[in-house]
Amino acid sequence: MDQTTLNFIFVGASFALYFGIAIWARAGSTSEFYAAGRGVNPVVNGMATAADWMSAASFISMAGLIAFTGYNNSLFLMGWTGGYVLMAMLLAPYLRKFGKYTVPEFVGDRYYSQTARVVAVVCLIVISTTYVIGQMAGAGVAFSRFLEVQSDTGLIIAACVVAVYAVLGGMKGITYTQVAQYCVLIIAYTIPAIFISLQLTGNPIPGLGLFSSMNEGLPGGVEAGVPLLTTLDGLLTDLGFNEYTATTNPWLMALYTLSLMIGTAGLPHVIIRFFTVPRVADARWSAGWALVFIALLYLTAPAVGAMARLNVITTMWPNGVEGEAVAVDDLPDWFRTWEVTGLLGVEDLNGDGMIQYYNAGSEAGAALAEAQGLEGNELVTFNRDILVLANPEIAQLPGWVIGLIAAGGLAAALSTAAGLLLAISSAISHDLIKSTINPNISEKGELMAARVSMLVAIVIATYLGLNPPGFAAQVVALAFGLAAASLFPTLMMGIFSKRINSKGAVAGMLAGLISTCLYLFLYLGWFFIPGTAMLDSSQYLFGIPPTHFGPIGALFNFAVAYLVSNATEEVPQEIQELVESVRIPRGAGAAVDH
Amino acid sequence: MADSPSNNEYWSANIRLVTICLVIWALASFGFGILLRPLVSGIAVGGTDLGFWFAQQGSILVFLVLIFFYAWRMNSLDKQFGVDEE
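These protein sequence lines map, in sequence, to chains A and B. Counting in our numbering, the first sequence runs from 1 upward without gaps. Counting in our numbering, the second sequence runs from 1 upward without gaps.
Straight-line Cα separation of at most 20 Å, DMTMM-like style, residue types lysine to aspartate or glutamate; simulated pairs:
1) B:K79 <-> A:E580
2) A:K503 <-> A:E577
3) A:K498 <-> B:E9
4) A:K100 <-> A:E443
5) A:K100 <-> A:E446
6) A:K100 <-> B:E85
7) A:K503 <-> A:E569
If you only want the chain A side, here are some residues facing chain B, beta carbon under 7 Å, derived:
8) T81
9) R279
10) P585
The hints are simulated quantities; they were obtained by calculation from the structure and are not laboratory data. Backbone N, C-alpha and C fix where the C-beta goes; we use that ideal spot for every residue, glycine too.
One chain only, chain A, in its complex shape:
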């Protein structure tokens, strides 16, 4: 049986499982559609949250992101996990106590203002839509790489699969499919990682292997007993790359980390997952469980990155950097397999029949070129995603593990897409249709409206995935920046302050939203249209890149909301009582039937 057939079997089996769950977990009411009937066990919800959160980017790209810059990109590890501490202590339990279905609903009720609610809906839709484009594209890419179908065809298949269980089951169907998807993706991620860690260091836990010493008998002139990171640092500096463990700019790194943390805590599709547990106490536990399941991947990812990078270097330099590089004819099979996809590419520039991989633009690289007669780096294409995708083959694991990675990559993309689509559709059917356009809509009518909104959201997301706007890469920064600058401060102030009134909240949200957009547009182009940028990277305000702006936008939001609220009327008595009631868990059961 060839690899593609095996991949089809694994992916097909995982889809069949999702469909089975969808039929079992059909939603019969709006409460089930929006919040899974608030009957989800906190551990189960933690697992679903982990799948909801970890996207195709976490699964496929993150290890590579870390591997190519080393220490500096640890900010993704801290940023994307540290946000859960903020969410667990500042938002999730209180919003669960509030006991409604959507994030804009809390904003609207707490700030007794339809305007505030609509502004929150706009923020939510911008954040979630930009995010979902990447997921749809990610699913298409996973299809094309593993199943040899066209990327566009793959995207449409993925959209149809999501449509079946999301429209049928709403939050209830999505929750239980996410649990299954989590199991698929974590097994797919950790099995190759464990084997690679064993091969290199003898330690079965990759996170510990990262700090262990090298095994005996490894290629590439690697000395046994020397720590893995020392070995990697040495090889990289010999080849003219930056040292793996070195720090570049700690203040910017801290700012970007903070931006990702606040952004994570303000992402509506993650927040609404905490509406599905039965009690406030469960919401607190559930945040912890979510991080346990996320940490299983996030503690493994830096090890996968470092080990895979080391493996690629020793493959290219089997006799060490001083010795002869790999001959073109001796490149391993996995290398040839992935060359076909265009993720890896070699070119024998100096015609010596060997492939030399080094950093030609550095001093050490120039010295190496001088010594060995090189005319440039010959590993001309080295896509960072390869470090996860080719991992099972590098570790010489059997074909079924590769099939598992295919199913895992798709599970990561589908689970995140479904969560985002639910956040979008519930904002439309509940916050716009039910609350603004047609308040008299019946329970059955709203459920139907929710299903139709879901379908429309999927169609739009599919269209955007097939025709991605040219700015797809930048908009992810926009999503985090906006979540950090708009929703997070507004939600937090709504709970922790009784003084912030509707005028303050609306002004604050707009200040955060506009300042963040302005800063992004000035440097990246108005609405990201190429050529319309008015300033370049040498003119960053205090050297701050647009991707790092989230905390500053949040600061604007806090400051404006505080000043405007203090200059205008007090918050009405009944709203102050609402804040009081959100702060204590008692009575959460009653809030369920609203």
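Since chain A is already given, all that's left is putting chain B on it; use the hints.
Only chain B this time, still in chain A's reference frame:
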């Protein structure tokens, strides 16, 4: 229910707890993981220094402990102040 003295005490106990947790949260990530890394660079961990370990492993483990500690402590504060869910 609003503004009763025990609710105020409950709320300030919560704020105290959150503050302590967030100080540790910041110390593990922004502190040892990034800005204070030079201070702990003398402590070697498997081929590199403590700061690197905090940035790639330690901070995440600290976050985990913090969330579970907070959940456990708050759930018992709820009972102590009689504001838990019946």
